[in-house]
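Top line first, the protein sequences correspond to chains A, B, C and D.
Its first residue numbered 1, the first sequence is counted upward by one per residue in UniProt numbering.
Its first residue numbered 1, the second sequence is counted upward by one per residue in UniProt numbering.
Its first residue numbered 1, the third sequence is counted upward by one per residue in UniProt numbering.
Its first residue numbered 1, the fourth sequence is counted upward by one per residue in UniProt numbering.
Derived from the structure by calculation, the hints contain no laboratory data.
Where a beta carbon is used, it is the ideal one built from N, C-alpha and C, also for glycine.
All the given hints hold, so there is nothing to weed out.
Capping the alpha-carbon separation at 27 Å, the derived lysine-lysine pairs in DSS-like fashion look like this:
#1 52(C) - 78(C)
#2 426(A) - 361(A)
#3 315(B) - 292(A)
#4 88(D) - 78(D)
#5 352(A) - 4(A)
#6 292(A) - 292(C)
#7 279(B) - 244(D)
#8 244(B) - 315(A)
#9 279(A) - 292(A)
#10 397(D) - 244(B)
#11 315(D) - 56(D)
#12 279(D) - 315(B)
#13 222(D) - 222(A)
#14 244(A) - 315(C)
#15 304(B) - 244(A)
#16 244(B) - 222(A)
#17 222(C) - 304(B)
#18 351(B) - 170(B)
#19 279(D) - 292(B)
#20 304(A) - 244(B)
#21 292(B) - 315(B)
#22 315(B) - 244(D)
#23 397(A) - 244(C)
#24 304(B) - 244(D)
#25 222(C) - 244(D)
#26 88(C) - 56(C)
#27 315(D) - 279(B)
#28 315(C) - 292(A)
Computed footprint of chain D on chain C; a stretch qualifies when at least three of its residues, placed anywhere within it, have a C-beta under 8 Å from a C-beta of chain D:
#29 267-273
#30 309-321
Which residues of chain B face chain D? A few of them, derived with a C-beta cut under 7 Å, are:
#31 229
#32 241
#33 243
#34 257
#35 260
#36 277
#37 281
#38 287
#39 370
4 protein chains.
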Amino acid sequence: MPDKFVGKMVPTLTEWRRTFHQYPELGFMEYVTTYKLGRQLEELGFNVHIGKDVLKKESRLGLPSDAELRTQEEEALKHGVDATWLEKMRGGFTGLVATWDAEHDGDHVAFRYDIDALPINEAKDNQHIPYQDGFVSTNDNIMHACGHDGHMTIGLGVATFIAENHKDLKGRFTLLFQPAEEGGRGAKAMTENGWLDEVDYFYTGHIGISSLPIGTIAATIKGFLATTKLNANFSGVASHAGMKPELGKNALIAATTAATQLYTIPRHSDGISRVNVGKIVAGSGRNIIPDKGYLEIEVRGETKEINHYMLEEAKRIMEAAANMYDVTVDFEVVGGAEEINCNDDVVSIIKKGSNSYSYIKEVLPTINVAGSEDASFMINKVQDNGGKATYMLFGTKLDYPHHHRLFDFQEEVLAVALETYVAILKGGSSK
Amino acid sequence: MPDKFVGKMVPTLTEWRRTFHQYPELGFMEYVTTYKLGRQLEELGFNVHIGKDVLKKESRLGLPSDAELRTQEEEALKHGVDATWLEKMRGGFTGLVATWDAEHDGDHVAFRYDIDALPINEAKDNQHIPYQDGFVSTNDNIMHACGHDGHMTIGLGVATFIAENHKDLKGRFTLLFQPAEEGGRGAKAMTENGWLDEVDYFYTGHIGISSLPIGTIAATIKGFLATTKLNANFSGVASHAGMKPELGKNALIAATTAATQLYTIPRHSDGISRVNVGKIVAGSGRNIIPDKGYLEIEVRGETKEINHYMLEEAKRIMEAAANMYDVTVDFEVVGGAEEINCNDDVVSIIKKGSNSYSYIKEVLPTINVAGSEDASFMINKVQDNGGKATYMLFGTKLDYPHHHRLFDFQEEVLAVALETYVAILKGGSSK
Amino acid sequence: MPDKFVGKMVPTLTEWRRTFHQYPELGFMEYVTTYKLGRQLEELGFNVHIGKDVLKKESRLGLPSDAELRTQEEEALKHGVDATWLEKMRGGFTGLVATWDAEHDGDHVAFRYDIDALPINEAKDNQHIPYQDGFVSTNDNIMHACGHDGHMTIGLGVATFIAENHKDLKGRFTLLFQPAEEGGRGAKAMTENGWLDEVDYFYTGHIGISSLPIGTIAATIKGFLATTKLNANFSGVASHAGMKPELGKNALIAATTAATQLYTIPRHSDGISRVNVGKIVAGSGRNIIPDKGYLEIEVRGETKEINHYMLEEAKRIMEAAANMYDVTVDFEVVGGAEEINCNDDVVSIIKKGSNSYSYIKEVLPTINVAGSEDASFMINKVQDNGGKATYMLFGTKLDYPHHHRLFDFQEEVLAVALETYVAILKGGSSK
Amino acid sequence: MPDKFVGKMVPTLTEWRRTFHQYPELGFMEYVTTYKLGRQLEELGFNVHIGKDVLKKESRLGLPSDAELRTQEEEALKHGVDATWLEKMRGGFTGLVATWDAEHDGDHVAFRYDIDALPINEAKDNQHIPYQDGFVSTNDNIMHACGHDGHMTIGLGVATFIAENHKDLKGRFTLLFQPAEEGGRGAKAMTENGWLDEVDYFYTGHIGISSLPIGTIAATIKGFLATTKLNANFSGVASHAGMKPELGKNALIAATTAATQLYTIPRHSDGISRVNVGKIVAGSGRNIIPDKGYLEIEVRGETKEINHYMLEEAKRIMEAAANMYDVTVDFEVVGGAEEINCNDDVVSIIKKGSNSYSYIKEVLPTINVAGSEDASFMINKVQDNGGKATYMLFGTKLDYPHHHRLFDFQEEVLAVALETYVAILKGGSSK
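Chain A extracted, bound-state conformation:
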């Protein structure tokens, strides 16, 4: 087994990451990103699956509007995406799955990397390295502000390792390049197309979610909450507020009552629960009884049962608030995640080759962080079938938090993460 692989890859990792960073795309519209990844993985020798093979159509959550999709599909053609590829991806079927059967029998190991960006206007600021070094986003109001450009890069690095060392590896490898992680919208559709059904080991993770220093990684996490994201639209009847107040059916007071009362859902004695109304927009003119109201809500729970309890309570409260003012309400689930319970077994797998580490300084068995992740759908599917799974964290100094327009990470973390995955491949899957 080559020991120098990671060191050799460092300049390539940096180049890949910076290229991805320049062309960020929002969830279910990663047409260019998917195409670039796909072409490289094909060249490495992987079987690449795209389009409806990748995502179950009706399980995708929070899909953009048709108009948005079409606009980005046109852009994709202008940016060189092959028309045949695009045809398969049209309508928000982005992301891909790359598979490789190694020479020798062995476990089925899956790795997952998320690829979408955020609707954030990246800072054009000299203190911000992507701007200073000329790889700032070229797409207005879109930015890789959560490190997914790094995640994809690591994924390509892992793919390169597998391709170069396939003769020494055993088992099957599935690399999931997942769209629309932000808001918890894409993992479910990938999972429900069966990609995790026969997986023995599943690994994914995140750059810099905690304040671990560079070189430190956590092999497992604790404390991620199950969550459901939903929107509510209240609809009533407008009327002149001075002349005919009694003829209005006030969607604003229904929405404000709902918003206030949502916070009254009882605490659950089985564990942590959360509810938040993140946004409300209602009404039009000052002298009009408002006929429209809109809420963005999320609920969370320490277990999926608690999350379900919160969701059902929230829906009943909102329906009642609508009835209270004789208006209607419709819900749309636009995202979600389940809780995550990592398997401790993976800690020893990761640590197995630790004497040969160059970039990893310390492996913590676990770290407790709050958060929610749709990789949970994959993890729980694998575990339901008897497999083992983990969600790892890769430390890096962060001057600005995730989702900030000045977010950036230490690029050295790419090597740390790649070394981790190589250790997993060597430790868990090499003959």
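Assemble chains B, C and D onto chain A, guided by the hints.
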């Protein structure tokens, strides 16, 4: 026609009033009062109707509990009510109707007098004439604090006039001695038994509701609001507030939410509207998710349509508040009144004999006062059938307002009121 | 006195109106409109006052942002507004006052015409005459959808009459071309600069506010409500809704609580009251405890006392809602009006010359309509000083209501209104 | 050391318990109970402290009214309490402290037994052993339904052991017979008089709180929450709801708004939190704007910091709700408890003499139960000074839960508990 009738009656009026004052009874439990009135009216020669002939069973609102009824029925026997009479009145069938057909054909004229008292502890205080002069209430926590003792007295005076002068009068006379006016509970049941169906003229009124001086009367009123009185009972499931908050179905928060939101019913552009939650009682122990909640509510409207609008809004809001917290709610209508629109025609009838007045100093055509009265059911029934009706006010100085434990009126108002009714009988019905 | 004046003016009125219609401007940014009016009035011989002479700086309500003002000031230069004029109007000092002292002593009569437009996208539709006849708005998303283009036209017509007939008229004339009527923002600043202080008679009015047919006018109105328009900004502290909910200071729940509870202000027994929350916007991301909340509110009252009561209640409720969630709230009054009580005396003045009417078919003494108008500040100021004032309505068929993108009126109403003002000038002020 | 002590005591324990059971007294009114205990402890040779020596006057929470206190003080005289003793206890200074200095130097060990009963009407029912065997409560509506009759009995047993074996024991012993545990009202006042200041070991516990079988005990507990119990009184101004709604200052809507909004306090990320409004009573008559509102509230927290956070949030919300409706609110803290963290060291002390147990079958090191206890004030005081403390549970079958009118326990648990305390005395303190 005798001119001296009223003057001759003055000592008798005072005596009657003081006797009634000593034995006040609550609504639908005026067993002794009804019996005394009935006997006197029989002696005068009236046909007296009691029991189920008087009140439509299911139209009585806010009936006392069976236990309360039984207790007062026992008391009635002890106080000399004839067992045969009592048998007819049992179960809250109090009040009576006394009828007389005059010698000559003519209009059917109805007069109404309310007979119930209030759950108020009458002042035992030297400044209070009923105490000073020894006719204070002998029934604990019950008091004629709204002047109905005076109303009955006037009614007996009117009956006496009819009996003495029947040869000179024409038409039919119906005297309604109505139970349970307080809370708007008795008039509807009398009306729905048909007593007002063929009435040409209807007169009723109140002592001292406004601050008119003694001797001044208003022939009609304006501004009385339609109203509905209702109670709401919320019922949920108790749970330990510390250990299992999520298992409770919280009837207290449903009731408090309902109470707060009831005040948000939109104003109505067609006229005055009102809503009030007069009382809330919910919950048991501090550390228990409450399973019971109780509200006392009233709505009002300048028209019966506005009152209906308020009632329907109120009920929908309370039902929604119950659904919001997964509890149930039941409503009970315990009282009500309609709006009153008096017929101006009665003004001239009342004024017709004004040159012979001894006690009346001034007749105002109308006065604007807020208030609600279940005589409205009778008035509206008469008017619906083409009859004329009014609600009059008889001025008197009041040192304390109605429903106060020191309430008292100038007894001279009894003569003023009797003179008014005599003027009506002479003016409208004498040949 | 010339009898043919109005007839002669008809083609000119139409032309003026259509020209104004093509260049609508929003409140406090009527730079081009003011300039055009001013130049014409100067040519007619009026003394024209502009800029800070017209409006009291700090009494202007709901001023646009500096950026908006600057943009429109640049536009004004491009559209030919003289730089010297613009300098005086800069910063939202639009509108003008034109004065004329007649040859003979007499009453001081003031007329007021409002000149601003609305942020509405005018219909480009063949059924819409302004589009069909080629005088549709040339300013995107701005439209004269309330008839102020007509009001200005009438004002110029009145000015022309005064200029042509000044030798036959007595007294002083003040023509107020008021900016920013929409939202009740401009009249107060004109009034507080003293323009109404010595006025004996004040006349203003509106085209087609009711459904009076063309030719019918109402000399006075009843039922306009006093009103205050205010915005509330709630400000708290954001926090991660999953990880640190207790660290947030939730401006959204403060705003939604305020919005709901505002509707609970008790009805006022002295007359009509209203409250409406026309708009709410709060929060940013779904998983963030919201740190911002914004409400647009109006209160109304049948009297200024009731309006004041509503405003004080509303502010206390919002402050309490902010305190409830440990956030702050700031209010901004952005508009308002007082109640209007017209002087009946003006009816006879208007009717005086009625035998010579050509366009007016009927003069109603008064009409009862709900509504709110900042001309009320002027009317009340005149009346406070012993003058007489009225608000008139000029009937016209309306296929679409005011503030609708298809709003239009029968142009014949311009002649009706001009004839009314001429009648006033002849009847009230001619020697 | 005598081995047969517990067995010998069994009949006495039963007799004592049944005697206490027959004369239950409510918190701060345990005059007879305190006197009986005090006399027995004096006879055993203890120094007995009563009255103001025992309780810090102003630290007592939820004191009964003066009238209630006086009534029970009269009862106490009738039931044979010595007048001199009573004089010291007057005004709610019940409970006592009994101290003993052993022959030999050693640790200061404190034991605490609570002595108050509950306002529950004990079942007179043949399935209920206290009724069947003739020792049912003789005080109407008061019942030992939480096992404190057993606790006192155990305390007397322990005192007897100390008195009989003082020559073999070392150290100092303080027996705290605490009043008013129910509602968390008495322990604080005892603690703040200094009785726990120099204690090395502190032991207390409860009969049958969990469903442990008879013979099983838990040496420590986990999961008790800190709590504060408070009442809120809202005070406004009444007004006639139909005639003058705007003149009312509505204490009911302030209280209902407070009650609803209290449930919106954000969850705390550091641990469990709770809030409950257990009771609301507001308003008087249906047609009156309510001027009074009353709430009974409790908050809880996994730590005292979280409890404090909940309390401060709750108070701010209620104050704001009062301000919202221009009424006032006053709070009264009527009870409370802190969280409990037992010292594991005591497990080995309890188990030390386990080979000689007759009644104890199993000692669990700890058990996790929710609950709140004012012994927490004592425990935390001891620990703050470097001492060790625990709260134990003594298993018994319960056919009905604590605070039920059919509550009863297996009397054998008295021997189990006494054996536990004897083991502690032998293990921890014998020479």
